[in-house]
Each structure stands twice: as C-alpha cells, then as structure tokens.
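Enquirer: Here are the chains, one letter per residue:
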Amino acid sequence: MSAAFRISGAGRLSQAKTASFSFDDKSYSGIEGDTLASALLANGVHLVGRSFKYHRPRGFLSAGAEEPNALVQVVRDDARKTPNVRATVQELYDGLTANSQNRWPSLAFDVGAVNDIASPLFSAGFYYKTFMWPKWAWKDLYEPKIRAAAGLGVSPEKPDPDHYASRYTHCEVLVLGGGAAGIAAALAAAETGVRVILADEQAEFGGSLRFESGAKIDGQDGYAWAQGAIARLKAMDNVRVLSRTTAFGYYAQNFVGLVERVSDHLRSPGRELARERLWQIRANRVVIATGAIERHMVFANNDRPGVMLASAARTYLNHYGVAVGRNVGVYTANDSAYAAAIDLKKAGVNVAAIVDLRDNPSGPVIDEARALGIEINFGRAVVSAGGKLRVSSMTVQPKNGGGERTIPVDAILMSAGWTPSVHLFSQSRGKVAFNDETRRFVPGTYAQDCVSVGACNGTDGLDATIDEAYAAGAKAAKEAGGKVGKGAKPKVDAGESWSRGMLGAGPGAGPGTTVKAFVDFQNDVTAKDIRQAVHEGMHSIEHVKRFTTNGMATDQGKTSNMHGLAIAAEELGKPIPQVGLTTFRAPYTPVTFGSIVGHARGALFDPTRRTATHGWAASQGAVFEDVGHWKRAWYFPKAGEDMHKAVDRECVTVRKVGGLFDASTLGKIEVVGPDAAKFMELLYTNPWEKLEAGRCRYGIMLREDGFIYDDGVVGRLAPDRFHVTTTTGGAPRVMNHMEDYLQTEFPHLNVWLTSITEQWAVIAVQGPKSRDIIAPLVEGIDMSDEGMPHMSVREGRICGVPTRLFRMSFTGERGFEVNVPADYGEAVWEALWAEGQKHGATAYGTEAMHVLRAEKGYIIVGQDTDGTVTPNDAGLDWAVGKKKTDFVGIRGLTRSDLVAKGRKQLVGLKTKDPKVVLEEGAQIVADPKQPIPMKMIGHVTSSYWSENCGRSIALALVAGGRNRMGETLYVPMPNGTIEVEVIGMVFVDEKGERLNG
Amino acid sequence: MLLIRCPYCEEERPELEFRNAGEAHIARSTNIAGESDDDFEKFFFIRANPKGVIYERWRHIHGCARFFNAVRDTVTDKFIMTYKAGEPKPAKLPGAAK
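So the sequences go chain by chain: G and V.
Heads up, the first sequence stops at 997 in the working numbering, and the numbers go up one at a time, no gaps.
Heads up, the second sequence stops at 1095 in the working numbering, and the numbers go up one at a time, no gaps.
Where hints are given, some of them may not hold.
Stated by the list, open to error - Distance condition first, Cα-Cα at most 30 angstroms in a straight line; then the derived DSS-like pairs of lysine-lysine:
id, chain 1, residue 1, chain 2, residue 2
1, G, LYS910, G, LYS656
2, V, LYS1086, G, LYS901
3, V, LYS1086, G, LYS678
Claimed, not checked - Ranges between beta-carbon positions, derived for each pair:
id, chain 1, residue 1, chain 2, residue 2, range
4, V, ARG1002, G, LYS483, 22 to 30 angstroms
5, G, MET643, V, PRO1047, 48 to 56 angstroms
6, V, GLU1084, G, GLY796, 25 to 33 angstroms
7, V, GLU1012, G, LEU372, 54 to 62 angstroms
8, G, HIS748, V, ALA1030, 16 to 24 angstroms
9, G, SER27, V, MET998, 43 to 51 angstroms
10, G, GLY537, V, GLU1084, 26 to 34 angstroms
These are calculated hints, taken from the structure and not from any lab test.
For each residue, glycine too, the CB sits at the ideal point set by N, CA and C.
Pulled out of the complex, with its shape left as it was, chain G reads as follows (with noise of 0.2 angstroms):
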C-alpha cells in the first residue's frame, strides 16, 4: 500500500521499490531513492526533533544539507550508531532504523519542554550571566548539569568497525557542485582534453533542476537534461564523476577536501565498502558552482513541524512524489515560494492562501498562481503558526497592522529569497563583497586560482547561469593548459529566475516583540536574541554571534546568518557591509572523525619500529615497552616471576655474572670527512681533535642556549670517521641539528653526515663475565684489558661478520657493546646467549638497564635532565672543554642565570626508611611544616627498587644540591611526608672499580 502522502504521478521514484524503515520503534514504509525525510512525510510525519535549548518540536526545514532541525540517530547496530544525521540527507535503506533526539520520555511528550515555558530564563548570554558564581560551581555543578540536559544523541558503546578510505589526486579543473551551472562547466572543461573531477553532495546530480519543474534544457526536461549530461561526462576517460562527495573544505593553494559517502544509502554495506572515502584533491583551476540556499521567514512560531522552505515542498513533490500536507499555506517575500505553490496545486493539494509580503509585484508566476484560483494577499505577513506538535494554522495580517485573520493549514511553505553558498570562497580566502541592490554578499575579491559560477555567484536565471557556467569551465580548462572544445554549449529552452526577498524579522517579530521568531533553529536563536545582544553592547556581529550563537551550530548558519545579520544591522542603525558577515570555516558540513584518520588507528596510527633481536625476546616471553616508535624488551619474567622479581633478579645477575641487553634502538650516526674531528669540537662540549682512532669518549651535546641536548658515546674509528651514538629518542633531531649547522652555520666543514641507527644492530654484554662470553666469538681484535681498555673501539669479526666492537658501560661493570649489521643482530644475539648460558648470564630488559645506570648515577637525558639543565647542573662540567673557543652553547653557558647560585643541581637521595621507593615527579621542600602553597626546591628525576643496595634509590633536581650534602629533605605526598636524605649520585662502586672487575 502506498503511504498517505506519496502522490501517484509525481516524483522520479520507482513506487515498486519499497523500502521498509523504522523511526523511534514504529514501522514505516518508503521508496528506493527516498532519503529518511521524505520517507518520513510521505507518511506523514512532520515531528521529528526536539530543539537543542527549549526542547521545541521540530520537523523538516529543508530538503537539503542546511537542514538545521532534522537530527536523527541512526542505528545499524551497537557500535553503529549516528547521532546528529541529517534525516533529509540520509538515503532510505530497506531496515533503516532511526531514533528521534533530545528528548525524554518520548518525542511528543518531552519533560525538557518546560525549557520552553522558562524560556525568559534561557536569553541570550543566559550561560555567561547565570553561572559565573561561585567559581568552583562551573566544573562542578553547572557544566556538568548543563551537559547532561542539552546532548543530542547518544555516542556508540563500541569502537567504529567500519573503515575509511582516503585518496589523493589532482586534476586540472575541479567543479565543486553538480547543479546545472556545475554540469555546465564540467562539460566545457572535459570538451578540451584536461583532467575534469565534478563532485556534487546528493546522490543524483541536477542540483535545483530536481525540483525546478519550468527548466527545459536543449529541449529535455532540466533534471533529464542533468541525468543525461552526467552520462557523458562519466564515459569520458579525462572525467571523474563523483555523487554523494561533499567539498567540506577549501585550503591553500586550491587543495580542497572533500568527503564521499560510500556505503551509508547501502542496507548491508559489506566489509569490503569503506564507510566513507576522503578526497583530497590538488586543482590547477576550481570552479564554484554551490547553488544557494533558500531563507525562511521569521515571524511568530515559524519552528513550528509543518512549516519549511517553499523549495523544500517543492523538492519533495517533484522529486520524490510526496505531498507535504494537504491544505497548505505560503509566506513569501518572492516570487520562487509562487512556483512551489502552483506544483502543489496542480498536484491536487488544496493551497489555503499565498501571502506575500510585497505590496503590488507582478510577473508571471504570479498570473499562473492566480489563473489556477488560488487566493493571494498582497501586503501582508504572517504574524504566527498555530499548532503545537503540527502546524495548524497561520495568522495572517496586514504588514502595517490591522484586523487579524486566522487561516486553518497543515504545511506553511515560506520564502524569504536566496543566499548564495559562498561559504567554499569565503574558505578559499576570497573576500565577500555586498551587493546594496540584490541585498545579498557575492564573491568579490579572489584570493586563489577560482572562479564561482551560478547562483553562489549571484548569477540569477538559468540562461545566465548556463552561458556563465561553461563559459568559466572553457576558461579554466584553457588556463591549466587544455586545448580548445569542440562541445556545445547547453542551450536553455525555459528557466525560473528569482532573486530578492527581504533580510531580517517580518511583521510581528520586529523591535519590540518578544514572540519566538526563529533565526536559527538548531541553537534556537530568536530575532528578540539578537536584539538583546545588541543593546547589551555586542556592536560587531562576530560578538553578537558569539553571545547568542546564532550560526554556531552544526549547519553553520546556512539559513540564519542573513537574517541574524539584518536584525542587528537595523538595531545599530548601520548598513549591513558594516556590520559584516562572519567567517566561513571548514567543515561546510560535519565530517566524521572516521573519514580524517582513515586507516590511521589501531596497529597503523604510527609506525612500529622492532629491532633485530625482537623475535627472540617475544620467544622469551619479553613483555615490552613502547619508546617512541620502537618496541622495546622491558623485562624477561620467568614463570611465576612478576616485574619487581624479574628486574631484581636481571639486576643482581648482571652485576654477579653478566646480561645481555638489545642497545640497538639507540640512535648512530657516522660522522666522516677531513674535517670531521673540526665539526665535533662544535658540535660537543668535548674536545676531539687528541682523541685517538680506536678509543671513545662520552660526550655532551647543548643547544646553543647551554642547555643539555642529548649525550652519548662516541668512538673515533680512524682520524676522519666518528660513530657518534645518541639517546633512542633523540637520534632524529640531534641528525636534524648536526645538518643544520653542518649545511647553513659551518658549511666550510667537509663533513658527511650518515645515519646508521637500522644498520647496526648493537648487543650490549655487561657484567663480570662479559669478555668470557664474547671473547670466544671474536676474531681479528685483542680482547686484554691492554689492548682493548675501558672506552675504546675495535673493528674485527664476530661468528665471522663485521663488528664496531666497543668497550663501555652503562652499568658500572665491565662491558662490552656489540655491534653487528642488524642483518646478523638475531643470530650474533644467540651465538651470544648460547654462551651467556654456559655462564648463568641473564637477558635484561630496558627496566634492569635504568636501574643499573641509576646506581651508577648515569643520567638519561630527558628523564634527569628537562632542557632547563646545564652541564654543570648535571655534574658533568669535567665534560667540557675548558680550552675550547668555540661549541655550540658555549655563549649560553655563560647567561647570568646559568651561572647564578641556587640552581637546581642533580643528586642523590636516600629515603630514611630504605623500603620506602619515591614516586618519579615528586616534588621536594625543605620544610614540611610551612603553610600551603610550600615552597618547592626540586623534584624527584630517577626512582626505582634496586636489589643490588638492598634498598631505594633516587636521583632527584635540588636547588644548591650539592651544597646539601648530608641534609634532610621531605617529599609530601598524599598518604604523608617522606623523609629524605641528601646524598652523592653513586650508590654501587664509588671508585669505579668494577669497571675492569
């Protein structure tokens, strides 16, 4: 059976294609092709909403992307769920189910309403005025209250299974529209040869021809007209066609973002769909073509269901075959709301009465109307809508005031005239001009390679449009280098054409009132809002916008920011350009977080960097840690083992035995050249140029501001090669500040800079045992402490491959560090195990390894260090070079702050009770008794359990630190103040003997 409101005759859609549907709980049947709203009125259903402050009821606006009221949820399952759709922007779909929004316990009786009753209460700026006392209120009280009772929708339980896809592309003309001046400018760029891509919103292309019912195109109907173009155009190789592909915005240099829906018009879309594919498109040349989009009429009650835009109506009967109502009325300020209503008649829907602002127009839509009989009152206005959940009736009167008359509809089709869709210019950062005639802002100054054609360019009448349009496609397509077309131009047989209409408040809603004449629906905004907002001292309309946010919600004022800016312009007595319009932004429609990240989360948000050696530690039952991109062995339980048993127990064997540990994320860089010793004396705090081929040294990197930048060591191979290493995290700026200098500040220097952090694999063995484990796989280098000392490097084989073989330590024992190409890391890495195993050597992970380094008080930059500490800080001043003229830092070094007493200077600190391990971050003062807030002296850097001392260790910034030697500081934290004793950085082997141990 066909639904109540679907008129046998009208329409484009197949009436055998029917479609089943739900909206909140309740059955419905539709059309292939309907979207949700057309669905929904066909049945006739107007209440779809409630309002997002005064929990109003609302129906259908538009039947479009504007609209502001029609916010559905939609449900395909737990994790699907969409709040805020567009219901006439969402295509039918047979099982579509949707929910209406705001609104509790149900649609038509909400308890929110009383919102509506109160709503002298909720005035413009009733947020800034109400809830600025007491202070603390707003986090705790207001905000979240107020969050609770304005959301609309509800969010899904579940992360989105759908996926999204992404595409870059360029073109040389890129047609932002398919309306008949979009088609008409695609057909003449593609005539040329060049690379075309026109996108349009809707699923089917024609833009106002779908319900222009007057426009004849080259002797077709203007929609057929459309289909057909559309046609050809996709069966050109040189042309993209892309339908339900939304340009949502508009950047530099003609990149302009754009957004398909693939699958949401699809009942099961199937894994292979993505949800949405996002377009990201370079154009030599842009042609805006975005059409423009009807205003309502503002005056008493126009939120009220029933009541939408003439074109709105008109779409709806002639595209989709649905009558809004069967006795409506029409509210008009032009003539375009005339054709609506001689389609509807001719449908067979009775029109109650026209009602036109205007005191005497005349043209020839106005003849037909009346010829058809229907009443038309010149003159007049309509005051209010009656009617609550449905509109009633419209009251009508005079202009200037008079005998009110009261004329019973079901529908009001109202028209206040056109706003042209600049919002895409306006993006491109062209400059809007006001046209004081037309009463309307028009593209004016360009600001990149564009041209907008059509009605969003002010262009009124089909003839115009067309003749603009592919004149502006033949124009573009020849400027990025197109031939000359051999097409020709559309020729339009019979158009509409309108334009004017009225700005602002109509008849009883003026200066005065206090009726609810919407301007914007979805923030309900009234006219009386903006009033209000201009006599409490809003004069720019950026602020009145603010305060009232009237074109703040989800459509962006595509309705209301006209009218909001008319009221405020006749309330200041200034004209409209002076007020000014405000900024367009992106997105011109919501875009979903899904299409921006596309395939970006998950296991591909970011890159996963494993070392050579991961397979082997995952074998091993490793547990890991992420550091920066890398996967990292944290530590290697044994069964029955959790973390605290496992370090404890890395920690004692490496110091009793020996260990094993993968160093291989640490960041290497190859420093060669003639001048490469000249380049580390700037680069390093360290002097070079005496330190011998085959020996290392640990050395300290600054800013130039004298703060500590990375550090690491570094062996010289031969006279003109360094093996620089870096911290795992820094190794890509220190290489980005080593070729800064090396290309802009020192580019005399002939220095090659190499990365080799993925080439080498390092294994570092450490521990009393380590020689015993390596020196059986070495070949080609003297292992003694006589011919290979602490700190220094060696080039040889290892189980018969290369090897940077370098002894020293980051753990205070004897240590060698192993590095292999990361070829070989795995199986030199059990070539090592299998002899670690003959000794008791343990694998550790990168925990064992900072709490090894920690007793040795080995800092790590960026965890003792914050880029606020110097050298001297950090007790490394034996590290630079006294007799150096020149590093980078070493002006800064010499700031008056850096070298002013009561710095904070890195030491040890002991807890009185040993079991007692600080929190890392924990901030230190030297008297617990003062008042709050307490004067803070330092904080805690480096913390951990260390087995080896049978008890807490910490590293800690104190202000004068090594001046407090012996002192007693106290961390305050929340279950009490911790004693604390300040002590020197060394807690295992003072004398380093261990070293050569």
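Model the placement of chain V on the given structure of chain G, informed by the hints.
Expert: Chain V alone, transformed into the frame defined by chain G:
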C-alpha cells in the same frame, strides 16, 4: 596543504615533505664566545614575527634533506619565493603584494 618549491630539487613538493626551521638570516657570530649579552639576546631570543613578509628557513627533510630559505607572507601563507641557504636576502621580491 601548501606546495613548496625546493630550490635544490627545483620543483614544488607538498608541505608534508618539509619542516619549518624558524627565521632566516640570523647569522651565528664567528666569535660567539665573546659576544655581549645584548648581542646574544638578539641572536638567540629575538625574532621579528612579522605580520606580512617573513624570511624563514625550511628543510626538505623528507626529500633532499637540504635547508633552504623562503619568503612567505604570514597573512596569506603564500610563498613568494625560495632560495638556497647561504644566498643573500633577495633585494627584490617577485610578485609580492606592495
């Protein structure tokens, strides 16, 4: 996303390949250790931050990895020109507004 012309690669490449490196033509003194507090302040801390034409350094980090200089309008974000590191500040700007 901006398109930036790398003066070494001699072609326009997307902004993603580049990294901004701050204001250009701030030379490090060859006798920096002897610099006065005022001079060091000017060198290290003080930047022009103009509304309008800025001379700045960029690095084609995901390309040829070279540092170069650019002239950009901070209001429109338009690149007026780019040139190699070490070349002097251009005396005349092509197509610059005013």
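Enquirer: With reference to the structure, classify each hint as holding or not holding.
Expert: How the hints compare with the structure:
Among the hinted pairs, LYS910 (chain G) with LYS656 (chain G) is consistent with the structure: their alpha-carbon atoms are about 24 angstroms apart, no more than 30 angstroms. In summary, the hint linking LYS1086 (chain V) to LYS901 (chain G) is not supported, as the alpha carbons are separated by about 42 angstroms, beyond the 30 angstroms threshold. For the proposed pair LYS1086 (chain V) and LYS678 (chain G), the alpha carbon gap of about 29 angstroms is at most 30 angstroms, so the pair holds. About 28 angstroms separates the C-beta atoms of ARG1002 (chain V) and LYS483 (chain G), a value consistent with the hinted range of 22 to 30 angstroms.
At about 54 angstroms, the beta-carbon gap between MET643 (chain G) and PRO1047 (chain V) stays in the expected band of 48 to 56 angstroms. With their beta carbons about 47 angstroms apart, GLU1084 (chain V) and GLY796 (chain G) fall outside the hinted range of 25 to 33 angstroms. Taking 54 to 62 angstroms as the suggested C-beta distance range, the pair GLU1012 (chain V) and LEU372 (chain G) conforms, at roughly 59 angstroms. Our hint of 16 to 24 angstroms for HIS748 (chain G) and ALA1030 (chain V) holds, since their Cβ atoms are close to 19 angstroms apart.
Taking the beta carbon of each, SER27 (chain G) and MET998 (chain V) are about 47 angstroms apart, inside 43 to 51 angstroms as hinted. Our hint of 26 to 34 angstroms for GLY537 (chain G) and GLU1084 (chain V) is violated, since their Cβ atoms are close to 53 angstroms apart.
Of the hints listed earlier, those the structure fails to meet are numbers 2, 6 and 10, in rising order.
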